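All chains, please: the whole structure from these sequences, using the hints.
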Amino acid sequence: MFLTESKDLLNKHTDDMWLCCRCSLCKFPPLAQIKSHRFSGVCCSMDYGFFHAWSGSGKIIMGLSLLENRVDEITETMRDAFLQCTLCGACDVSCKYSTNIEVLDTIFDIRRYIVKTIGAHPVHLKYLEKAEEYYNPYGEPHEQRQQWMQSAKAFQNETAKTVFFTGCTAAYRHQDIAIASAEILNAGGLEFRICNDEWCCGSPIYRSGQVDEAVKFFEHNIELLSEEGIEEVITACPGCYSMFVAEYPKYLKGDLLEKWSRIKFRHMVEVIEEFIAKKKIEFAEGPNNKRIIVTYHDPCHLGRGSEPWIPEWEGTVKKIYNQIKVYDPPKKTRRGTKGIYKSPRFILKQLKNSGVEFVEMFRINEYAYCCGSGGGVKAAYPEMALTASIERLEEVEAVLKSKFEEISKINKPVDEMILVSACPFCKTNFENGINESGKNIRYLDINQLVNERIKREGMQ
Amino acid sequence: MNKENLDSITKTMEVIVGKRFVCADPGILDTYAFNWNADNLSGGVSKFANRPLCVVMPEKTAEIVKVIKYCNQNKLQFKAMSTGWGVHNTVGSEGVIQLDLRRMNRILSLDPKNRIAVVEPYVSGAMLQAELFKYKLNCHIQGCGANGSQLATVTSMVGQGWTGISTGFSNRNVLGVEWVMPDGTVCHLGSWGNIAKKKQNDPEELEIDASEWFLADGPGPSLRGAYRGYFGAFGGLGVFTKAAIKLYHWSGPEQLELQGNSPTYNLKGSKLPAGVATYILNWKTWEDFKEAGYALADSEVCWALCRIAPFITGLGIFPSNDEFYEKYEALFGELKYNLMVITMADSKREFKYHQKVIKEIVMKTNGEIFPMSQDPFFSAMTFMAMAKQCNTMRGVFRAGGGFFTSLGALGSWDWCVEGAKIGEQLKQKAIDSGGLVDDGADNVWGTPYEEGTFSHLEELYMYDITDPESRKASVEYLKSVVEAAQEYPLGLGLGTVDGEGSAMHAIFGPLACNYHKWLKAIKQAFDPNNASDPGFYLDPEKIKD
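Note that the protein sequences, when read in sequence, are chains A and B.
All residue numbers for the first sequence refer to the working numbering, where the first residue is 1 and numbers rise by one.
All residue numbers for the second sequence refer to the working numbering, where the first residue is 1001 and numbers rise by one.
Bear in mind the hints are in silico, worked out from the structure with no lab data behind them.
Mixed in with the good hints, there may be bad ones.
Claimed, not checked - Straight-line alpha carbon distances no greater than 27 Å define the calculated DSSO-like cross-link-like pairs of lysine-lysine that follow:
1) K403(A) / K1136(B)
2) K1268(B) / K403(A)
3) K1113(B) / K1348(B)
4) K1268(B) / K352(A)
Claimed, not checked - Short, incomplete list of chain A residues facing chain B, as computed with Cβ under 7 Å:
5) C21
6) R22
7) V93
8) V326
9) R335
Note that the coordinates shown come from a computational prediction; the quantities given were computed from them, not determined experimentally.
Note that the Cβ used here is the ideal one computed from N, Cα and C, for glycine as well.
Quick look at the structure:
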């Protein structure tokens, strides 16, 4: 049985569905950027599910199949094809090099339709239940959310207008990231505070397709920040960051939208970049003077997903040359290219004198490969998350080893090979992947890497 | 088919390839029924063609052999697809097993010295090229883009590419194949027929010693004419599991370094690699264009020489339709009968020679070097797009989402130009009715191959696929193309290819030496049980003797 009222979610993408021509560009980085046969895929969903249905195109086609009532029911296999997707947006970037199709928006709305029709995945329902009770999807006590601050060699100023928004994963699973962030903020002289009644940003609920249920989390957080007189929010979590800059404004209305618009949101890498540029922090040798090679993984929600929200276009559509649609005023398109890509690279290059050699992977920036943990995949389909993580680690290993050999030919070999990223969720999944694959790589969050190399008074 | 029978078939398939790689879920199968140009076949009402019985995803040849033998024993049909773009990849009727060859994606051998690569079906042009550049080599990539299968273009399709003047075209580049024939027999053709050995650790697979390649299409037997012929069998004559592909010299760098973000990638610093020059050459008449085409092809200085009409050039260059609308007329309005030319040299002396030759031909044929083409930004982007075949999609699909080819000719260059003139007139009528994109009517693309001994030009067209009226106009236009292809002695119109094979062959066979009877004989000889889906190839039962 299909719920007819939810079909609006499909109907609004009818043109997107017809525009798909099944060229498969959504499975690869933009063709101009394919640099290797081995690392020529860009869709971790497709690489796991194999059948076309798992690709961006395949999901859109299934959406059209549902819209046209070509199938009698949404089967478990179909549901899996939709939900075994991290919503990383790589398909959207590759497709939009050549077309006007809103791939990611379409896929997301079909996911919402699926959830409205047959219900959320049982694991995702648990997320919601826990979040509603504890304000975090892990079901951890709310009062312990900001306990990590006690372990930080950092202080907060409770009257500060800047808040460090911890996020659930850094608060309960990777406190080392939260601690490093707080210590960096102190080192750079930026006064901040934390909010004890911070709730989950809503990302895990929202991205699992339970949008209506997620909105109350958006509303709470904006109301809270507004009541506390907060002017700036800093976070180390790309999931939270992309929710703030790209998703909240789609659903907040009236007064709340106005309150949202008065807050400036920044990810830690932007703050660190500013600290370096303004010489508020400098770097020393790393622990034990170790020389390391690092490569950087672009978290999807910090890169593609953090491109700021664009208000819904309003204007006139007209046809030119008989049958080509153009928009008056011209329509702005989110292409995933205006997210945060430069800041982390700037930081890593600045660490060169601190013994850090930086090398790029093949799939980077807007065509980076996903770590495999987002969109509810890590919880509901851990095997897929692990598969994606190991696929990315293969690339990490390839470029780090190559750089290692290059350096070893002319210099003393470096001490360690490290994968750096800037996302607590990526950290979990990559560490799982490293354990599973036994690769000789260490994962380090960029905040931790920076924090351990900041030159501080009294340092030798 | 009842559920019991379907379950029995899928269980057998699961034993062959593994449970994870078989699917009979209708929703998943629909993603194999949907494809480009299905709307034209459905009269403009649907993008879905036939839904397969199930999809099976083999990993190696031995598994395909088992599937095919099972089909022959049980009166079932099968149809293979590699990268799967275009409605000809769909099954010709419901009840056919679809083989999705995505898991067969290895480059098995790369022999720079002898310029041969052996690839599996899911290796695309972009994937192979990325490895070849490192060896100063390149491959022919079909005009549809680098996302297409290298194996499919050489074994099963008619595939022309932008660099055809220096890299030949589809059926000229196949040097050997591993072919699972429609009855399940594995056949090795080309030199491979002599040198392939069974792997010690996996007797079901063959090992290739690339160093033993010494002659492309022999001394082992060649059946190129039978298994693919002119147009290819569109998956209707067994499954090709490996192909040896001819490679070509590449004078460019190991990697083209790019700048910018999607959709505005360009070469770093908008700088062409050393030895490269790009030109758009422009003529005022078809006659001058024709003479220039011959002269340029014969000069042997072109790495790329092709006609990409002004309208599509503009769409490919500008990153959005809005920007195209704003700038196209001002920048490209003067362009008429044009050719895109790229030269690549290995020395300064050769570079200068190339320039001199191009200028002399342009002068002698009353042409001009279109000024815009010498702008560094434009020139660099042109080279990137041509070398990596990465802008085709936006050149043709972004305008209205609906795109296809229509009247075309394959043969001598002047014959092709005559076809272009007819195509232009025919399309103008459809444009005047308002249903198609007004691309100026002349929107032929094509190229001479191999010093101009063979050529092709085809009339492209676009429409708004989201608009039912525009879709209807496309269907009507294609009908007129089929009629025109019979009226004018141009051979099989390209726009008629991607349809129900038997019906088209029945129309055009009698006009072209009854070739359809030969196709029928081939199909019957190699596929006595008609197990290999004949839908887009030829069904013997539908062809009268």
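Going through the hints against the structure:
no., hint, verdict
1, K403(A) / K1136(B), "holds (23 Å)"
2, K1268(B) / K403(A), "holds (23 Å)"
3, K1113(B) / K1348(B), "holds (25 Å)"
4, K1268(B) / K352(A), "holds (24 Å)"
5, C21, "holds (4 Å)"
6, R22, "holds (5 Å)"
7, V93, "holds (6 Å)"
8, V326, "holds (5 Å)"
9, R335, "holds (6 Å)"
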